[in-house]
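Student: The primary structure of each chain is shown beneath.
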Amino acid sequence: KAGVTQTPRYLIKTRGQQVTLSCSPISGHRSVSWYQQTPGQGLQFLFEYFSETQRNKGNFPGRFSGRQFSNSRSEMNVSTLELGDSALYLCASSTGTAETQYFGPGTRLLVL
Amino acid sequence: GESVGLHLPTLSVQEGDNSIINCAYSNSASDYFIWYKQESGKGPQFIIDIRSNMDKRQGQRVTVLLNKTVKHLSLQIAATQPGDSAVYFCAENINSGNTPLVFGKGTRLSVIA
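In order, the protein sequence lines correspond to chains A and B.
Count along the first sequence from 1, then add 440; that gives the number in the working numbering.
Count along the second sequence from 1, then add 8; that gives the number in the working numbering.
A portion of the hints provided could be inaccurate.
What the hints assert, rightly or not - When the alpha-carbon atoms are kept at most 20 Å apart in a straight line, the in silico EDC-like pairs for lysine to aspartate or glutamate are as follows:
#1 B:K64 to A:E539
#2 B:K113 to A:E492
#3 B:K50 to A:D525
Hints in this document: simulated from the structure, not taken from any laboratory.
Since this is a predicted model, take the numbers as computed values, not measurements.
Chain A extracted, bound-state conformation:
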């Protein structure tokens, strides 16, 4: 089976812009979770989608949003980018919320 894929792998944006990141889960996986990883904060949970519904949400502002499509592919969007949004954004898929999550390679976002 192909692993979790994320596009794009690298992205440079300026403050105030918005960005959309994409994640394709492992075939058959219906749960997709998103994380932000920074050196100072580690892995922080953003949200989880299961069967097109957001099932869990972390403590991030409303500028961070996501969605999931019927084929389980997911996108996350960050609006009005801030310098502090520079991070590695990781997507993970699993068969269910509490099951083993498999991560993609991440999208490295740099906000200038």
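Since chain A is already given, all that's left is putting chain B on it; use the hints.
Tutor: Then chain B, alone, in the frame of chain A:
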């Protein structure tokens, strides 16, 4: 705050020696634990998991030990190799619920050749 933490942020080990990475968790209701390895520039990679009805589980060169009494989890890597150099994360979850995994801060393992 996070319910999962790590005792040592960095660990240096001689090649060929065994490595032990520790993790403390605070939620006694957690019943599913996972160890991940993250190499530079890559996403975390699943290593091994264990459920609370077990206290030990072995994989290839890795062993996870779970001590529910003191809420402690450890990852043992036998005959550590340079390719084991990475950051290791533990994660916990309450399997009976729909809550997301909670990750620790991570421990960096450096293997000295």
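Student: Next step is simple, just say for each hint if it's right about the structure.
Tutor: Do the hints match the structure? See the list:
1. A distance of roughly 19 Å separates the Cα atoms of K64 (chain B) and E539 (chain A); the hinted pair therefore holds under the 20 Å criterion.
2. The hinted pair formed by K113 (chain B) and E492 (chain A) fails the criterion: a straight-line CA distance of about 30 Å is larger than 20 Å.
3. With a C-alpha separation of about 19 Å, the suggested pairing of K50 (chain B) with D525 (chain A) holds against the 20 Å cut-off.
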